[in-house]
Structures are given as C-alpha cells and as structure tokens.
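Undergrad: For chain U, the structure is supplied; the task is to place chain S on it using the hints.
Residue numbers (full-length UniProt numbering), protein chains in the order written: chain U, 1 to 710; chain S, 1 to 710.
No wet-lab data here; the hints were simulated from the structure. It is possible that part of the hints are untrue.
Identical chains blur together in the list; that is why a pair holds if it fits in one copy or across any two.
Stated by the list, open to error - List time: in silico SDA-like cross-link candidates among lysine to any residue, alpha-carbon distance up to 20 Å:
no.	residue 1	residue 2
1	K13	E210
2	K609	R585
3	K463	E239
4	K305	K416
5	K609	R586
6	K609	E587
7	K609	L642
8	K380	G306
9	K335	N460
10	K13	G570
11	K305	E587
12	K126	P61
13	K416	R307
14	K113	H538
15	K113	S350
16	K113	A671
17	K305	E68
18	K583	K609
19	K609	P649
20	K432	Q182
21	K335	G250
22	K115	S350
23	K609	V641
24	K115	A125
25	K13	S107
26	K609	L636
27	K26	L370
What follows is the residue order along each chain.
Protein chains: 2
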Amino acid sequence: MPDSSLKAVLDPKSIAIIGASDNPNKIGGRPLVYLSRFGYRGKVYPINPKRTETLGYKTYPALRDLPETPEVAIVAVPGDAALAAVDECADLGVKAVVLMSSGFGESDPVGGKEKERRMVERVRAKGTRIIGPNSQGLANFGTGAILSFSTMYLEAEPADGPVAVLSQSGAMAVVPYGLMRQRGIGVRHSHATGNDCDVTVSELAAAVVEDPEVKLLLLYLESIPDPENLAEVARIARERDLPVIALKSGRTAAGQAAASSHTGALANEDRVVDAFLEHHGIWRVRDTAGLVDAAELYLKGWRPKGRRLVAISNSGAVCVMSADAASMAGMPMAKLADETRAELGRILPSFATTTNPIDITAALLTNSRLFGDILPVIAKDPAADAFVIGVPVAGVGYDVDAFARDTATFAALTGKPLVVAAPQPNVMARFKAEGLPVFTTETQAVDALNQYISHLELMNRAKTHRADAPFVAKPRDRASASSTPVMLNEADSLALAQSHGLPVVAHRLCRSAEECVEALQAIGGPVAVKGCSADIAHKSELGLVRLGLNTPEEVTDAWHGMERIIRDSGKRFDGVIVAAMRKGRREMIIGAHRDPVFGPVVMVGDGGKYVEALPDLRLLLPPFSADEVAEALARLRIAPVLGGVRGEPPMDLAALSEAVAAVGRLMMDPAAKIVSLDLNPVLVGSAGEGCAIVDAVIFRESANDTMGNK
Amino acid sequence: MPDSSLKAVLDPKSIAIIGASDNPNKIGGRPLVYLSRFGYRGKVYPINPKRTETLGYKTYPALRDLPETPEVAIVAVPGDAALAAVDECADLGVKAVVLMSSGFGESDPVGGKEKERRMVERVRAKGTRIIGPNSQGLANFGTGAILSFSTMYLEAEPADGPVAVLSQSGAMAVVPYGLMRQRGIGVRHSHATGNDCDVTVSELAAAVVEDPEVKLLLLYLESIPDPENLAEVARIARERDLPVIALKSGRTAAGQAAASSHTGALANEDRVVDAFLEHHGIWRVRDTAGLVDAAELYLKGWRPKGRRLVAISNSGAVCVMSADAASMAGMPMAKLADETRAELGRILPSFATTTNPIDITAALLTNSRLFGDILPVIAKDPAADAFVIGVPVAGVGYDVDAFARDTATFAALTGKPLVVAAPQPNVMARFKAEGLPVFTTETQAVDALNQYISHLELMNRAKTHRADAPFVAKPRDRASASSTPVMLNEADSLALAQSHGLPVVAHRLCRSAEECVEALQAIGGPVAVKGCSADIAHKSELGLVRLGLNTPEEVTDAWHGMERIIRDSGKRFDGVIVAAMRKGRREMIIGAHRDPVFGPVVMVGDGGKYVEALPDLRLLLPPFSADEVAEALARLRIAPVLGGVRGEPPMDLAALSEAVAAVGRLMMDPAAKIVSLDLNPVLVGSAGEGCAIVDAVIFRESANDTMGNK
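The shape of chain U in the complex, shown without the other chains (with noise of 0.2 Å):
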C-alpha cells in the first residue's frame, strides 16, 4: 500500500507555496497560475514574507501563520533556505514537500547527495515525505492540483484524460505529455520527482496507479535505483490489467567492470533491465516515439485473441509494404475463408485482389462504396485478429468521409484492434474524427500495432508467471560490497549443484592414484581425470584436465602429473576428479550472479569457446518456472538448431529448462550464499535424453559474511 502522504502529494486539501512569486515565469509563481488557472477546489497559501497577496492569492509571511497546517508545501526558495523550509514543513506536520530547489546532488555528487541524506534523515523521523530536491514538480489534472512549474501546461492546452507519465527529468515527465495531447489524448498525471532523495519514481507511481481513471502508464527512467518499488509498481498495474511502459535511458552506458563470471560479464545493467521489466510485463521502449506512438490502442479497450493481421487498401503497393511490415513484426496474415473471398469476389472488380491483403484498386476512386461494401464481408470472417487499413491517396473525388465513417462503423462491429495510414493530412484528420488511430505509414501502423498486442502478451505471460512469486531483490539479497566471495574448488561446486537437484556428470574427487583407478572401475572408460583446487578456476590452461583415459596407468599417471602441477604453483590441492566422459549434442552454459540493483540473475546461453564474443543468451529473473525457461530458449538464435533441424531430433529442452529452474532456486536459498555460479559446459542430448553439467564453478559468501538468512 502506497505511503498516504503519497495520495495526499497527488491530491491535496491544502498547498502552502514557500517562495511564492508574483511572476508568472518564475518557479514560485507558476504553480500558483496554474492552481487558478486548471480548476484546483483546496486551499492554496502562498508564502512570502515580503507581500499579502500574490497573483490573487492572500499571502502570508512563513508557514506557522497560516491559519491551518497545508497538506502539502511546495518549497521554491534557493540554497539554505530550502532547508530550513523543509525542516519547517516536517515540525508542523506537513504530510509531503515538493522541492523545487535546485543546487543538491544535481550540481555536487557528492556534498550535494550528502545534504540530500541528511534532510532525508531528519525529515522522514517526522513523517514527512519529501518529492525532489530539483523537481519540476508534480501535476493531476484529475484533481487539479498542479505543483509543477513546467513551461509546458502553458504550450499545451491540458485536458484530464487517461494517461500518466513519471519521470524523475523534467523534460521527460512533460514531452510525452505534450506529445499525447497533439494526439488529442487526455493526460491526466504528469509528474517529474527530481533527485530522488527520498520518494522515488517509482514509488510515487505506485501511488498513481492505484488511481482507478488511469489506463496507461509512462515510465521515463534514467535508474532504477529501487527495483522493488517498480515491481509493486507493475504487480498492482497487472492487477488492473494496467499497461506500463518505460523508456529506460542510458541504455549504452558501459557494462559492469569484467567479473569473475559469465554472467558478471555478460549480465550488462542493460540487459538485466531488459529481463527485469520483462519479468514485470513491463514493455520496454527504445525512444520517445516508443513511449507515445502506440499509447492510443491501449486506451480503445480491445481485447486481441491473437495476431494476424488483415490489410486493405486501395494500392496495391501499400498491400505488399503492409504485409512486410506484418512479416517483419512476426504478424502472420489471416487467411480468409473461401466463402469470404468469394463474396469479396462478387463485390470487387475481377482486376482487385480477394486474397489477404486485400487490394480494392484504384477502382475505388470511380466507386466510393467499394470500401464499405467490403468491411461487413470480412468482418464475419473470424480468421482476422487486426486490421490495417492502408488508404495513400485521396480527395478530390474520393468520398473520404464515407471511408473513414465505414471503418469506425468496422472497428466497432468487429471489436478487434484497427489502425489506420494515410499520409494526407486531411484524410488523416477525417478517420481521427472518427476515434480511430491513424499513422503516416502502413509499417509505422503495424509496428504500433505490433507493440500493442505484443505488449498485451506480454502483461499475460507475466501474470500467468508472477501470481504468487512476489519480487525479492530485497536489499538482503543484493550482492553487498562488503561481502567477500570465495571460489568453491570444482568438487564442491558440483556437489553443492547436485544436491540442489542438478543433473551432474558422475564423478568421484579421489585422494590418491588408488581411488583415481577406483574410480575409473566404478565409472567405467574413458575416463575424463581433472585437477581440482580452490585457487584454479581454469584449469584446461595449466594441463589440469585429460581427456579419455581408459587404463589405470593413465589416471595414475594423470594424478601424478596434476598433484605436481598444482603444488609446484604454490596451491592448494584438493585433490583429482574422475569423471565419466558425457556426449551431448550442444554444449550450453548455465550461469548466475547477483546484481548489485537486482539481485539474483540466472543466464542460459549457447556455450563454447566464444559466449562473450558471440552472447546468444537469455537472462532470467528467479523465481521463474521451466516454462519460462523454455520459453526464453525459444527466443536464442540458436532456438532452430535447439528444436532440430537437417532431420536431427530435438535436443532435451525439458531436462535443460529443468536444470535453469533449479538454478533459480537455488539463487534464491538464503542458506546457498551463492554469489555466482559457471556451470560450463552443459552437454544436452537428444530428447530424453537429459543434460549433463561437465564444470562448475561456484563462488560463495564466505562464512561470516552478513548476508543471507540471518
């Protein structure tokens, strides 16, 4: 449950403005425009010590005389003023500041944060909440309380609608807003927090979405700082079946330093944000455009039951660029009943194409009607999922009121997402008239489309997946700085594996040439022999592994040969594997590590020589399921040879997404104290046939190390 101050920031009975300005254009005088001007019903306080009035407002000279205590404050004072106006606020028992100030962490990373930490401290103690320091501000033109000192509600006339966008930029809570309302949609939250200091975007949005009348949420991130707050954020959106979307920037920035394991390296922020919003049902976008081009299909209430497209025109080159773009966002085209085409026959010109996509021809310039005599046909063809409606040219002598008329009448007998391209303005305007979402082009109508259900799909995989598997990158279980990992020797590795339900390779750790010839019996040739320490982690380099041994001779003489290596390097030895020699079809490798930000990370990957060099991985989020891992596997671009093909049989998917399953749990056993974990390679067989972990290399908490179950 979102913090009440929280609902209080976004809907307050009172606002004191500390540093309350008579000019408009100023940061203390804006929000006192925009209270009058966009319908806010509470009380506003202006305070300044130097005027009684302000842009129509009584004033008064400090906080504690006003005539009761505000809800809410915004501070728009500078420098050390701003601080003690927040202490201020927190004395009185103001519920939350929105601080406009700037000159904290913003300006110095390091004092500026400090200060920033302080205020925290003293404030929170209170009960205060504080939004920023360096907000632009929080606006609702739900409630009309607009504490926000954006240029932007001046350029672009507001209107209460369905959308929200949080950002901590203010130029990112404002673009998309503006961006929608060109489009004509309603927004209704806009909010931009600033630093950080102590709300975050994410928690604040948690508090958005509990807001019944919003259906779409923009996010605009720079950090995720607190996972777990925007995984409340996404579980009570998938509650309301409420899409988000996020445009996460800074998605170049360099990797985390070289790691001692795969997935350190591997397991970049980018792509770990990429698996968390994933695992969220969270979509995530590349750009601006991504935020906004699509937001309008989310607000029309459909419910897609699939993908295939059906596309209609009147050129015939619009068809063919419709159906790549279908092709390229993997959109298959609906095929239409006979019956359908059939009557599509009876109505079209025999020159017009009955087959999907449907090409009316340049016919339709001598008879209007063709279009609308044609929606009704396919509309009772159940084979369609979506509609794009391509119309490239038109006007003069074109009845385009009628087109447009038609397909709203379509769109609403058939329930089922429509888009629209047509590159004339005019024509554009004509089908906007009408409700429906038009674009310049058919491949920018598709790919929102695309978006769209793709998104939907996604929002279902997640709830499916996360009904009762709650996020738990809790602090506890982030990989703590002070910890200090340490390498398990192979051995244990793979025991610690196995007991945790991972199919390993039979093998034995011998003490001497004699169990190593044990062993070797018992396992049955060849033989592959390892030298094991807990100082080697890559032993093919120093001539510690030997590969198909098939006598006792051999693995004596391999125990020798090892035993000498390792103690001549000043390791330690802990002694030889014997382990039987497994084939697999495809060596794969299974990894995981604890993310600093997002906890447990579990990477499964095509393996070899070259997974860093040439990365086909997929990185998960535990707890998941082996459906999921399956699901994952699918998405590799090794996925066909993985399924089968040039007549193989499939290799045993089954097996290996069990496998990446019990590494998710086992990344979440507090008592494991996994910090990261190789298992490289996996060898998997054919169907049934299993897979089988050849190394490992696990590294742990050390023993006295905090984390963990405590």
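TA: Same frame as chain U, now just chain S:
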C-alpha cells in the same frame, strides 16, 4: 545514354491526349487540368471525336487530324481502343506513349501480359516507346509536363525542387511526393510507370538522373527485372554525387525454391537485392518513412568528414537519449578539446555539463543567451563532425527565436551536418523557418543523420570500388531455365578451383588401392579418404569419408569399402581421393551461384553444420576486390572471432579474402561456365597460415548449353 524518346517524355514539345475528357476527375481530363495549371508551355492536343473543345483546349477528332505529330501522347481510352491508339501513335512517329489504360498484365497475368508483349513488338519496330500500361503517368514540375491523372497534385500543392520520385505504383510515386511537400521540400519529378511493358522504371530513372537539377532520387521498386538499367542509374548518379534511396518492397516474399547449393538456398531474393543495391551505392530503406525522413539532409550540400557527434540540450534526459541513439547508430560522441571545455565552463553554470553531450540545464530558462554564447565555442572545436540540438521544452519565458537564429548561424559557420529535435510544433516551426532540419525526437534526428552519413560513406565506397568495373549481369550471365547444370565430382571440382588460383588442400585422385597407398606415402599421414562420384554430393551420410588414416592397410581398406558402397548403390565410381588432413581454426563456407535476375552472386560465411539454420553470411556481386571481401567479413557476426578474441591471434583474413575474390573472378569467367559452387569447408588458419579448401561441389553448364562465351 538514355533513349531520346525518354528525354522527350520528360520534356515534350507537344502532347496529345487520346481520350480527352471534360471531367477533371477522369483520367482523360485531369492531365489537361494539370497542364494548364502547372505552366506547361508546349502544345496540348486533346483528342476526342465527340467534342471540339475540352477544358479550354481546342479538341481534335483523331490523332491524324492534328496539325503536327505530337512528340508524346497520353492514351486514356479503354480496352482495344487503347491498343489501336498506341498503334496509330507508332504509325505516325510519336516518340513516346504514356499508356494509362488498364486491363493488361495487372488484371490478367497471362493473356494481359501477352497482349503487352505483342503491342511492344509492333510498336518498338517503329521507334515508339511505351510507358505503361496501367501507368498513373509522369509529372515533371520543372517543365510543367504533367502527364498524370494522380489526385495528389490537387491535394498537395506542387513546387519545383531537387527531388525525383519514381515508382511503378501510382501511390508510391505520389506518397513520397506528398510527404516531401508537407516538409516544404520541392519535388520536380514524380513518375509512375505502371506495368513497365516497355520502358521500365529504372530505364526512365536513367533519363531522370541526367536532369542536373535533381539532387536526390527516390525509388520505389516491387521487382527489379532489369538490374542492368538500375546499375546504369547508379553509375550516372555516382558520377554526379547524386544519392539514390530505394524502397524495395516484397522483402518477405518466400525465397527461391530449395536449391542444390548452399548459396542457392541462402542467397534469397531479398539478400541478393541488398547486395546489389549496396554494390551500386544505393541506400535501401525498409519503408516510406525511410524514403523521406532524412531527405532534407541530403539537400544541404554538406560534406561530412566523419561521424563523431556532439549533442547539446537544455535537458539532461535529452543528452542521455541522444548519446543512446548515437551509440545504437554507431556514431561515437566527439571528445571535445580541453580548451573547449574550459571555455564552456566559463559560460555555463557550474552544474551544467561541459563534456559531450553538453547539458546547458534548465538555466536556459533564466538566461536565453546561454545557447547563443556556447555555440561559437563549440564551432571552433574540430572534434565534431555533426551536431544534434535538442530543445524538448521551450515557449513562454524562452527566447525561441534567438535559439533558432543562433543555431542557424552556427550551422552556417561550421558547414557541418546539424539536426534539431523539438517536439513542440511551435518550437519546431521556428527552427524550420531558419532552414534547419527538425525532428520530433532526438532518436529520429540521430537516425536521420546516421542514414545520411552512412549513405555518403556507402556512395564513397561504391565510387572507389566500382570505378572501372561495369555491372555485368547481362542476360547471358543469368542462369537460364533451359540450361542443365552438371555436377562435377569432387576431384574435378577441386581441380577446377585450383586451376583458378584457389587454395585447395593437398590431395590425389586415386584409381586403385595401390595409388591410394602411394598417395598416403606422398602426402604423409594422417590422411582423409573420400569416395569420389559425380553422382554423389553428400558423402558423409553414405560412409564415403574416413578421417585420420595412417597406414597402407587403412587406406587400402577404405578404397575397397568405398568402391563397394558406390558401385552397390549403382552410382558412377570415379575413384577415391586421398587428401592431407588440414587443421584450421574456423570452418568457413564460400559459395556462388547465378541468380536468374542479378547474375553471379558470391557468398562467404561462417561454416559448419548449421550454415542454413544459423546463417551468418555476406553476399557480394562480382566483380569485387579482396578489400571489399575484407569489409564484408568485418560485418559477419563472427567478425570478433575472426579478428582474434581471448588472446588468440587474428585469423588469415587476407587469404580468405583473396580466395573469395578468386571465386568472384571465376564466376565472371565465361569459359568456366560455373552454375554454382560450394567450397565447404574452407579452413582458415591464423594470419600467415592461409586457408584451405577441403571439399568442393561445382555445377557447370552442360557442354551443349548455349550460355557463356558464344
């Protein structure tokens, strides 16, 4: 040199309209409207036996009644009358006919096409060229010769300008036109050629690119039946530094039917089109937006020296997103000089960012001069090749006029490419008014910049590589349906490759067990032994490959075994190949085949079992140099591995490139008569170690075939 008839059709002295109508919305009426409205200065002769005047023009009963033979005629009468009209034009010596009538190949692919073929045969003998049938017509706003019935020129006011748009499709001749006009860009040529029964869109384009006023050519193509004409367009365009952008749709059409060679299977139409367009320096886009979004940049006359970007914004978020977009586009952020940063530091507030991207911060609101003050400082720094200016929010309180003026001054001063991102329509309009290219988002701006710069780079490469290498896919080079390819056995295939300078593994074709033993001794063991038959392409499956044989007994045994296998299966037994066992670091594949349209196509890619399931390949159209192969190899997914990772030395890319270049020459050699070729595997060693072809399957034209050097 383009046909003089095509020059005439673009700038005719006189035009007859056969089937003139006084209804301005009919195909026989609208050209008359356009000719009078858009300033055509030649003679206009409407032809219609039923009237003496049409839309203000004196009208004649028949072509033969005209006072002169018109240079060009529009035929706008239906059915057989159209055929008669075309014949009459030819009889009278009309240079070119724009045949708008439909009912030909587009509605009847068999009978209609045949009608077209016969018409062309009759007419060409008399020297008349046909544009069409089913042509929407041609529009040249430079001469006012609008021989078109498109609705679009009523909808979007024409303005002569530097852009030419050509398409078979009517819609796609005018949709880019309309989008250009929405952007305020003038369009001179907008031509829709229809069914291309005679003059193709590429042939007409070759005439259009001779127009010195054309600075940008846009092509929409659904097929490229005459690559030699498109190559000629590209050649003229290269000489003129004229960029050509092509949208080839139907990208996702099913590939060619399964072919006997890997190249045949992998060089699907779409990949070959990619290679062809790249070969000629034509930029391929995926949709209509790609044709127009960057168009303005091409018209600025910039001469970019590189692709290092500087981003400037008053929003930190826009700075981050610009850097993201640049990184995704492969545009590095320029490193500003220390002096630049110091000088910026003196101007900007302390919390602004003086590294690139440059965040002016919201301080711009209180000091609109900041923007104009820093630009001259940045202009002096040579590190930047191009700029993106992001103004996500401005308006009341900002001096937007000054920003736009200052930016225009800066752009003029540097002469370097500059794009603006401004989502607010009024801000956008101010920058546009200064002649600057403006986009809604920074990503769109950077993507357009990247397309523009990458296209110029492509043009430069094409200029270098194509300097004296004409395109040779003349019909005789194409695989002909009548030819009967004959498979060479492995020994003959290897010998042919070797005789053309390709590095073939040491081997001998042996005709007896004794010869096998001699070969073993000459080559030195271990050797590979392979059964040789011109009837067998896939040896492994039949047990016809044995590896690592060392002794006379082993090779003798192999001889007898393989002879038996081949003879028992009723195939031709050509002997046994004994070959050295070469080791390489990577198995590559080199292939080639003759595309039925584009002629010889050479493939190089990652080898192994899954070449088709996990394609990682590049196609090249000969002639090409080893340097071009090296560029292609650098774009493979496995390029890092070829270059050396994990401390490995680089592989011998020089040798591999030379081998691929040799295959290119072989495919160009008419005497070699190669239909297809698979060199698989080609083992590549470390730099200096060369590469070795271990197996080869070559198909040649049969001896009695007519293809080749006749």
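Undergrad: Indicate, hint by hint, whether the structure satisfies it.
TA: Hint by hint, here is what the structure shows:
| no. | hint | verdict |
| --- | --- | --- |
| 1 | K13 <-> E210 | within (18 Å within a copy, 72 Å between copies) |
| 2 | K609 <-> R585 | both (15 Å within a copy, 12 Å between copies) |
| 3 | K463 <-> E239 | within (8 Å within a copy, 59 Å between copies) |
| 4 | K305 <-> K416 | within (9 Å within a copy, 50 Å between copies) |
| 5 | K609 <-> R586 | both (12 Å within a copy, 12 Å between copies) |
| 6 | K609 <-> E587 | both (10 Å within a copy, 15 Å between copies) |
| 7 | K609 <-> L642 | both (18 Å within a copy, 13 Å between copies) |
| 8 | K380 <-> G306 | within (16 Å within a copy, 56 Å between copies) |
| 9 | K335 <-> N460 | neither (25 Å within a copy, 45 Å between copies) |
| 10 | K13 <-> G570 | neither (73 Å within a copy, 95 Å between copies) |
| 11 | K305 <-> E587 | neither (38 Å within a copy, 46 Å between copies) |
| 12 | K126 <-> P61 | neither (24 Å within a copy, 97 Å between copies) |
| 13 | K416 <-> R307 | within (11 Å within a copy, 45 Å between copies) |
| 14 | K113 <-> H538 | neither (42 Å within a copy, 69 Å between copies) |
| 15 | K113 <-> S350 | between (73 Å within a copy, 16 Å between copies) |
| 16 | K113 <-> A671 | neither (35 Å within a copy, 77 Å between copies) |
| 17 | K305 <-> E68 | neither (55 Å within a copy, 65 Å between copies) |
| 18 | K583 <-> K609 | both (17 Å within a copy, 17 Å between copies) |
| 19 | K609 <-> P649 | between (24 Å within a copy, 15 Å between copies) |
| 20 | K432 <-> Q182 | both (12 Å within a copy, 18 Å between copies) |
| 21 | K335 <-> G250 | between (42 Å within a copy, 18 Å between copies) |
| 22 | K115 <-> S350 | between (77 Å within a copy, 18 Å between copies) |
| 23 | K609 <-> V641 | both (18 Å within a copy, 10 Å between copies) |
| 24 | K115 <-> A125 | within (16 Å within a copy, 90 Å between copies) |
| 25 | K13 <-> S107 | neither (33 Å within a copy, 70 Å between copies) |
| 26 | K609 <-> L636 | both (17 Å within a copy, 18 Å between copies) |
| 27 | K26 <-> L370 | between (58 Å within a copy, 18 Å between copies) |
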